[in-house]
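Whenever a hint applies, use it, and build me the whole structure from the sequences.
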Amino acid sequence: MHADIVWPEIWQATGATLYMVGVGTLLSTLIGLPIGILLVLFSPNHLLANRPVYQALSLIVNVLRSVPFIILMIALIPFTEWVMGTSIGTTAAIVPLVVGAAPFYARLAETALREVDPGVIEAAQAMGASTWQIVWWVLLPEARAGVLSGIVITAVALVSYSAMAGVIGGGGLGDLAVRYGYDRFQTDVMLVTIVVMMVLVQVMQGIGDWWVARLSRRGG
Amino acid sequence: MSAIELESIHKVYQTGRQSVHALRGVTLRVEEGQVYGIIGQSGAGKSTLLRCINLLERPTEGTVTVAGKRLTDLPARALQRERARIGMIFQHFHLLQSATVADNVAFPLRLAGVARRQARARVGELLELVGLGGYEHKYPTQLSGGQKQRVAIARALANHPSVLLCDEATSALDPNTTRAILDLLLDIQRRLGLTIVMVTHEMAVVQRVCDRVAVMDHGQVVEEGPLTEVFVSPRHEVTRSLLEADDPEPDQVRPRSGGTVARIVCAGAAAEGPFLKEAAAHTSTQFTILHGKVDSVKDQPYARLTVEWLGEPAHVQGAFQWLRERGCRVDVRDEEGWRDAR
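Taken in sequence, the protein lines are chains A and B. Read in UniProt numbering, the first sequence has 59 at position 59, and its numbers run on one by one without any break. Read in UniProt numbering, the second sequence has 171 at position 171, and its numbers run on one by one without any break.
Worth flagging that the hints you see were computed from the coordinates, not collected in a lab. Treat the hints with care, as some may be off.
Computed beta-carbon distance windows for the label pairs [claimed, not checked]: (1) A:Pro118 x B:Thr63: 25 to 35 Å; (2) A:Val53 x B:Arg24: 54 to 64 Å; (3) A:Pro118 x B:Arg70: 19 to 29 Å; (4) B:Arg81 x A:Val53: 20 to 30 Å; (5) B:Glu61 x A:Ser160: 20 to 30 Å; (6) B:Pro75 x A:Leu30: 26 to 36 Å; (7) B:Asp246 x A:Ser216: 36 to 46 Å; (8) A:Ile207 x B:Ala112: 30 to 40 Å.
Anything over 12 Å on all C-beta distances counts as not near chain B; from chain A, calculated [claimed, not checked]: (9) Pro8; (10) Arg65; (11) Gln186; (12) Met197; (13) Val201; (14) Gly206; (15) Trp210.
All values reported here derive from a predicted model rather than from experimental measurement. The C-beta atom is built at its ideal place from N, Cα and C for all residues, glycine as well.
Here it is in C-alpha cells:
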C-alpha cells in the first residue's frame, strides 16, 4: 500500500496549497482591510457616516460573499484571464481566491474595528486628530488582536477554498485528494492529504492564537 | 477677552421624525484662569454644552469662541489645530488600551508631529506633574481608576492647552480618589494658569474647586454666578434642590422646645467667628443646632445650619435680622416649608 503513495506529488501539492493560501491571505488582507475600514467609517454615527456609500459598499461585499466559491471561481474565469493573461494554473487560481476571501476578511475586520471604544475615538478627535490619524493610530492599534485573528480565520478558510482550485487547474492538496481518492479510489492518498491539511490548519491556528494572546496580554 | 464665549447655542437632535431640543439658547462666558462649573441633573444638557466648546458636538445654532478664535467658523483642518490647544478629560478616561502610559501621554504630541526625543522628555515631565513618575511602561489595564485619570490629565496637558474641559471627570471614582484628583486639577490650574470648565452632577465637586457656576435645566442655564453667591442665595428651584440634597426635609425637623426652626446659610466673612452666639447674645435669645454643616466653598468658609431659635418672638426676629445684616440667608420654617421670612 505504501508503494502507491506518490510522495513527490504530495509535497508538490502541499507547496501549491501553501503558495495559494499564503499569497491569497496576503492579498485578501491588503484588499479586505481597507474595505473593512471604510465599512466602519461610513457606517451610521461613525467618523464619515454616509448611509448611501455604506449601503453600496455593504451590498458589493454581500453579493461577493453570497456566491459559493466553486461557482465564483468559474464565473470569474473571464476576469481572471483579463488580469493574469490565463485562467488556468496555480497563480491564476489566486484571483478567484482573493475575490472570494477579501470580502470575507473585510467583514471580519469591520467587526473587529467596530469593537473599538467610541470614547477613545472621541478623545482622539478632541485632541485634534484627523480621520486618517484616528484610523492609523487609534482604530488599527486598538483592534489589532481582532484584525490579526481575522487574518488567521481567513487563511484557514483559504485552505478550504484552495481545495477547489483543481477545477481550474490550480493544483494543490484538494486537487490531489480528488484525483487519487475519488477518481482512482486510492483512499490512502486522500487520507494523507487530509492529514497534511489538518496539520497545516493546526499550525496556522496555533501561531495565530499565540500571537493574538501576546497582543491581548498587553491590553490590546 | 474671555477664554470661552458661547453665544445663543442651540442643539437639536433629529431621531427619525422626532426632534429633541437638547440646548435652548445658552449664552456663557468663562474668563481666563477661572474654574467654571456646569452643574445639573442628568439629561439637563450639561455634557452636550461642554462638548460644544470643542465642537465634538456641533451646535445647530450659535457661535463658539475659544481664546479669541471663532471655532464655529473654522474649516476642518484649522479646527483640528485649535482642538489640540483645548485639553479634555472624561468620566471613563478613554485611554488607548493597546498603548503604554508613556505612549498614551505622547499621543497628542505624536499627532502634532513633535520629535520623538522631545516628546519623551515632555512625557516624563507630565507624568512627574500628575504623580505617576516611573509608570511609563505600564498599560492602562494595570492601573486603578484614579491613576487612569491622572494619565488622562497628563495627556490632556501635553500640548500646553489654555483650556481644560472635564466631562464628569470624577464621577467614576470613589470619594477619596475624587478629592485627590480635584486637588491635582486645582494645583495644576494654579501653576499653569489654566481655564477649566467642569461638568458634574455633584455639588460637592463644584464646591471644592469652582470659582463660578452655571446651573442647567432642560437645556438652559437657569442660574449663573460666583460660587458663594449661588451657594448662599440660590434663586432657582433646581439649584435649591441640588443644594438641599443632604438637608433634612422640613417636616423631618421638629422643634424640641417649641422654638422657631430656621435655616441659616452663609459664606465668606459672614461665616467666620461665633456668629450664632453673637446673634443670640445681642438679642437675649438662645438657639440649638438641629442639623447642619460647617464647610468651605473653594477656599471660603461656608455654613449651612438648621437651628431652633428660642426666646420672645420679637427678639427671635431681631436675631434673624442681625444675621441677615451680617450677610447670612435666613429661611424660617412654617407649615408649608422653608420660606424667606422677611
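### Hint check against the structure, violated hint numbers in rising order
Numbers 2 and 5 - these are the hints that the structure violates, sorted from lowest upward.
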